[in-house]
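Asker: Below are the chains, spelled out letter by letter.
Protein chains: 2
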Amino acid sequence: MRNILILIEYDGTNYNGWQRQPNAASVQEEIEKAIYKVTKKQTDIYGSGRTDAKVHALGQVANFHTDSAIPTEKFAVALNTNLPDDIVILNSIEVPEEFHSRYSAKVKTYRYRVLNTPVRRPIERNYAYHVREDLDLDIIKTMAKLLIGEHDFKAFSSSGSSVKTTIRTIYDIKITKENDIIEFEFTGNGFLYNMVRIIVGTLIELGKKSTRYDIQRALMTGDRGFAGPTAPPQGLFLKKVSYNLDIKS
Amino acid sequence: MRNILILIEYDGTNYNGWQRQPNAASVQEEIEKAIYKVTKKQTDIYGSGRTDAKVHALGQVANFHTDSAIPTEKFAVALNTNLPDDIVILNSIEVPEEFHSRYSAKVKTYRYRVLNTPVRRPIERNYAYHVREDLDLDIIKTMAKLLIGEHDFKAFSSSGSSVKTTIRTIYDIKITKENDIIEFEFTGNGFLYNMVRIIVGTLIELGKKSTRYDIQRALMTGDRGFAGPTAPPQGLFLKKVSYNLDIKS
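Chains as they are written, first to last, in my numbering: chain U, 24 to 272; chain Y, 24 to 272.
Calculated from the structure, these hints are not laboratory results.
Don't take every hint at face value.
No copy labels: a pair is met if it fits in one copy or bridges any two.
[Unchecked claim] SDA-like mimics (lysine to any residue), calculated; alpha carbons at most 20 Å apart, straight line:
| no. | residue 1 | residue 2 |
| --- | --- | --- |
| 1 | Lys56 | His153 |
| 2 | Lys97 | Arg155 |
| 3 | Lys97 | Glu156 |
| 4 | Lys97 | Asp159 |
| 5 | Lys97 | Arg144 |
| 6 | Lys97 | Val142 |
| 7 | Lys262 | Arg144 |
| 8 | Lys63 | Tyr236 |
| 9 | Lys262 | Arg143 |
| 10 | Lys187 | Asn217 |
| 11 | Lys262 | Glu201 |
| 12 | Lys77 | Pro107 |
Let the hints inform the model, and build the full structure from the sequences given.
Answerer: Written out as structure tokens, the structure is:
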């Protein structure tokens, strides 16, 4: 059995998220169906992590085991002819038997796009969070720096998720503005459930000069109330998952 | 009766084009329905021109006559609350009685986006023409220059359209490449049916170093056979319509 890694881009607009589930379209199910069409064998795939409904991926990673005769590098093309046009396999490579997309992941990068205009923009409706109010980008950049480093991000996670620890390290937060789009790029060793969206939601409120939220207190106390609302899903893109492997993208 | 001009952005993906028609969703119908909800009067709107199914607009212009008591500048907001999220009114202003979005138009600008990558990209599927083959941008830019100026563009129009003359003037063609997107921007005094898409289709084939098409002969003979295939609709955006009026956008 070979262990095959696939690098995946998808537009999450029409899916109820990455994870297979009854009675709702998922990216995982579409890819598993394509693998079945190509190999004629029911095959489970393991993603690097779930993405929520309407969240996109530019570089999601998954892996699966197969004894199919199809050469590894041909898998991408073979799967693509069996996938809908909002999902594509960018690459397929063989990885060591012990490789697991989720457990072997070292670094993840997420992008979040905010459209900052008085009037909504139809073309961006599925790919950005529309904020009408004027945002102070200097405040946002200054506040974002407080989040870099190893912290307990409990206040920036949705309750109900059962993780061993809520301590994570954010290596970098890049914030750029081009035309009316503010782009956030978060790089870290892992992110809690909804963590990126809550961080963005908090930074946006601070950028509106709200005094209701407080990043330092949120980090110190772990109290969700000091963090802002969860930003909507359509602005979020899983950009990259890094491993101690050389994965071409 | 006031004559009100509206500046419109729309994502054409889910519409069968601008023009109202039986049994198919159109942008015009959605806006007319919104005007009805706001004014309680059936009102016809006049667009600057039709756009085909799946074609987008960043600055479509339309006008309509109304005796509604709603202040002109409030129309945009009032209509937007009654429009689906893939259509938006960017602005509403009063124009002279004799103004007609189509007949008064002086200059139009269209954008066309081409995604030039070996593998298709889901996020761009509704907003760009995907071309897998390597394109020679220098050839494309050189050939595009032949189209600038006043020419008979008969060879670059779809047959069956009944226009008085097929002579048009292209003032400028800007071609830029950023990341994997080639962006064409055409400015002219008017464009024949499918003219932008046929020009792009021709330039793309020339960029692939096809010797089957010939812009100079197409312009000289008016023979559609010398021009290339019609590029698909989803890459096309009506960017701007200019009048001898000062329209804020």
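Asker: If a hint holds in the structure, say so; if it doesn't, say that too.
Answerer: Verification of the hints:
Taking CA atoms no more than 20 Å apart as the test, lysine 56 paired with histidine 153 passes in neither setting, with 35 Å inside one copy and 25 Å between copies. Taking CA atoms no more than 20 Å apart as the test, lysine 97 paired with arginine 155 passes between copies only; the shortest distance there is 17 Å, against 46 Å inside one copy. Taking the closest pair of Cα atoms, lysine 97 and glutamate 156 come within 20 Å of each other only across two copies (19 Å); inside a single copy the shortest separation is 49 Å, beyond that limit. Taking the closest pair of Cα atoms, lysine 97 and aspartate 159 never come within 20 Å of each other, the shortest separation being 48 Å inside a single copy and 27 Å across copies.
Taking the shortest alpha-carbon separations for lysine 97 and arginine 144, only the inter-copy value of 18 Å comes in at or below 20 Å, while the best intra-copy value is 39 Å. For the homomeric pair lysine 97 and valine 142, the shortest alpha-carbon distance between copies (13 Å) is at most 20 Å, but the shortest distance inside one copy (46 Å) is not. In this assembly of identical chains, lysine 262 and arginine 144 lie within 20 Å of each other by CA distance solely across copies; the values are 14 Å between and 23 Å within a copy. In this assembly of identical chains, lysine 63 and tyrosine 236 lie within 20 Å of each other by CA distance neither inside one copy nor across copies; the values are 53 Å within and 44 Å between.
For the identical chains of this complex, lysine 262 and arginine 143 are inter-copy neighbours only, at 17 Å across copies versus 25 Å inside a copy, given an alpha-carbon limit of 20 Å. In this assembly of identical chains, lysine 187 and asparagine 217 lie within 20 Å of each other by CA distance solely inside one copy; the values are 16 Å within and 59 Å between copies. With identical chains, the CA atoms of lysine 262 and glutamate 201 are at most 20 Å apart both within one copy (18 Å) and between copies (19 Å). Within a single copy, lysine 77 and proline 107 get their C-alpha atoms as close as 16 Å, and across copies as close as 18 Å, so both meet the 20 Å cut-off.
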